[in-house]
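Participant: Kindly generate the complete structure, drawing on both the sequences and the hints.
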Amino acid sequence: MIRPGNLPECIGALLFLGIGFLVMREGYRMQAYAASVFVGDHTFPVILGTVSCVLSSLLLLQSWRQPKEARTDAARATANRVPLFLCLLLLLLYAGLILLVSYVPATFLVSAGLFRLFGGYRWHKAVLFAAVLTGCQYVLFDVWMKIPFPAGWLF
Amino acid sequence: METLQMLMSGFVMALSPENLLMAAIGALIGTFVGVLPGLGPTSAIAILLPLTAVLEPTQGIIMLAGIYYGAMYGGSTTAILLNIPGELSSVPTCLDGYPLAKQGKGGPALGISAIASFVAGIMGVVGLVFFAPVLADQALKFGPPEYFALMVLALTLMVSLSGGALLKSLLMGTLGYSLAMVGLGPSTGMPRFDYGFSTLVGGFELISIIIGLFAITEVLKGLEERRLHTAIRKTGSVYPGKEDLKKSAGPMVRGGLVGFFLGLLPGCSAAITSFLAYDLEKKISRRPEKFGKGELAGVAAPEAANNATSSAGFIPLFSLGIPSSPPLAILLAGFMIYGLTPGPVLFEQHSAFVWTVIASMFVGNAMLLVLNLPMVWIWVKLTRVPYGIMAPIILMFCTIGAYSVRNSMFDVLVAFVFGGLGYLFNKYKWPVVPLILCFILGPLLEESFIQTMVMGEGDLTLVLKRPISLTILCAAAALLAVSTLLNRRTQARIREEKQRGAGVA
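Keeping their order, the protein sequence lines are chains A and B. For the first sequence, the working numbering assigns the number 402 to the initial residue and increments by one for each residue that follows. For the second sequence, the working numbering assigns the number 9 to the initial residue and increments by one for each residue that follows.
Don't read these hints as lab results, they were simulated from the structure. Every residue, glycine too, gets a C-beta built ideally from N, C-alpha and C. Treat the hints with care, as some may be off.
Facing chain B, according to a computed beta carbon distance under 10 Å, are these residues of chain A, among others [to be verified]:
id	residue
1	Ala-435
2	Gly-441
3	Ile-499
Facilitator: Structure follows, in structure tokens:
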């Protein structure tokens, strides 16, 4: 099977090609509301979608011809991406927890996890740091700045 | 004369205790974030932008300008002491700054860097005082075709922001424009790209995208690189001697002039001017062989050019609404949070605000020098705060920042998703600044495009028939050619320096 010389670029080009088609399709949908064929909310999406498709096609061609960049030592050393996924997962969990148990408990729980993840601290230390951070944030944003955080569904 | 009067009244406002405090806090926080390895001015402004949103516009922008200058200075501190340039523009500072630090002369190098930044910053702000109102005055004659041409001119920035990958840069630009189109259409008011989700009708919030792409991405990069705190050698006194000052005066002025005049051109970034200033200094030096081994002129010239370009960048930003560098693009977002649109009408409608901000730049530059020289030890110690403590704090601030703009959890989710995307973009070298630039300019471009098409009854060649818009388009073509050439040259220089071992954080 023939493989592209630069696979990440090839995938990126394909994604942009898809985005280009989506944008163009939305432009054609908006044309129904326009008073003129050339001027309206549809014009720009159609132009932009076309440009995006052309550019991504060019990149796609280029990615087949281009040799993949040699991996550096630094890139090889950072091959372990588990902490990264954990961090992103914790952040998404945080967004869900805020809606579920409200801001303060969610911040405490997630920041304890983050301190453990980033600093490798033992749980008791991570919980202590999380309590201090949550307390400071509560005073700063909830009490002083009065930012209206969403109330949790549970309490 | 009128300009000077306005500036004086700006000084009266800027020297009020509250505004002075904001400038001082901005300079200090900016320096603090700037000295943290890996965080440059762009990330510093992105992280702190939401926190300034609670202030009134003048105070908020004064603080943001202070953060900008502070982070620039902080970036040069890490460049000199740790060989970690926060931005590309600090790479030339590393070339001689780090060898000086290794020789135990980090202190004088930091001192010269601060003084050069101050001198060039003041030169740049003086230029801003006289150039910006003239340019804004001319721009008042602009109609939709001229604005459309101006937006095309802003697109030439893509070349200098592309980092050598023009096709990817253009594609990221189209993504930025596409994201900007989500929401209500400007002409019919009908929702676009909402796919039945009511939250998408309100469009994406710029701050959430910025926080995701810059701040959260930076934290994820730190996690991947397993960043820790860094040990620093003894630096010596930060106050340079008479001899050092005498040797550095010429490079400072030359660097400042190169930085300012080239910085006036949209598309000519601080990275380009600092490399040019460094190379110019090396060429005219009687001892070119000393460069790269610890020559003070090699610190003074690029630092002056860097800061003069940063100040000069405010001229197209204030008068035309065009941000010429990534931090200024984020700063433009700061203006927009307060409902202020930089451009010719800004000088007309909010003159007191503009002149107070300009006056506060003088104050901010002076404050940086006064505060930072004696405090350099504190900054050095702060680089030792463990990353394991800093990163969760930054992430929690990012969450609040994304939420507080519209009190929406959707914006928080957007920030997290763009954080992940930003990491991937960074990993596979897709430049993110064109995305932000086009996201900001998208609505303006579309509006001016529709209005021009209506004016020309569907004929876009109207842009070529009006003298001002035609001139702007010609200028765009010329700038495109110049910035392509300069960018190629800078990329070649960066590759050269990378081969010699200077990395960019």
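Participant: Take the hints in turn and mark each one as holding or not.
Facilitator: So, going through the hints one by one against the coordinates:
1. Ala-435: Interface hint status for A:Ala-435: holds (7 Å vs cutoff 10 Å).
2. Gly-441: Holds, about 5 Å.
3. Ile-499: holds, 7 Å
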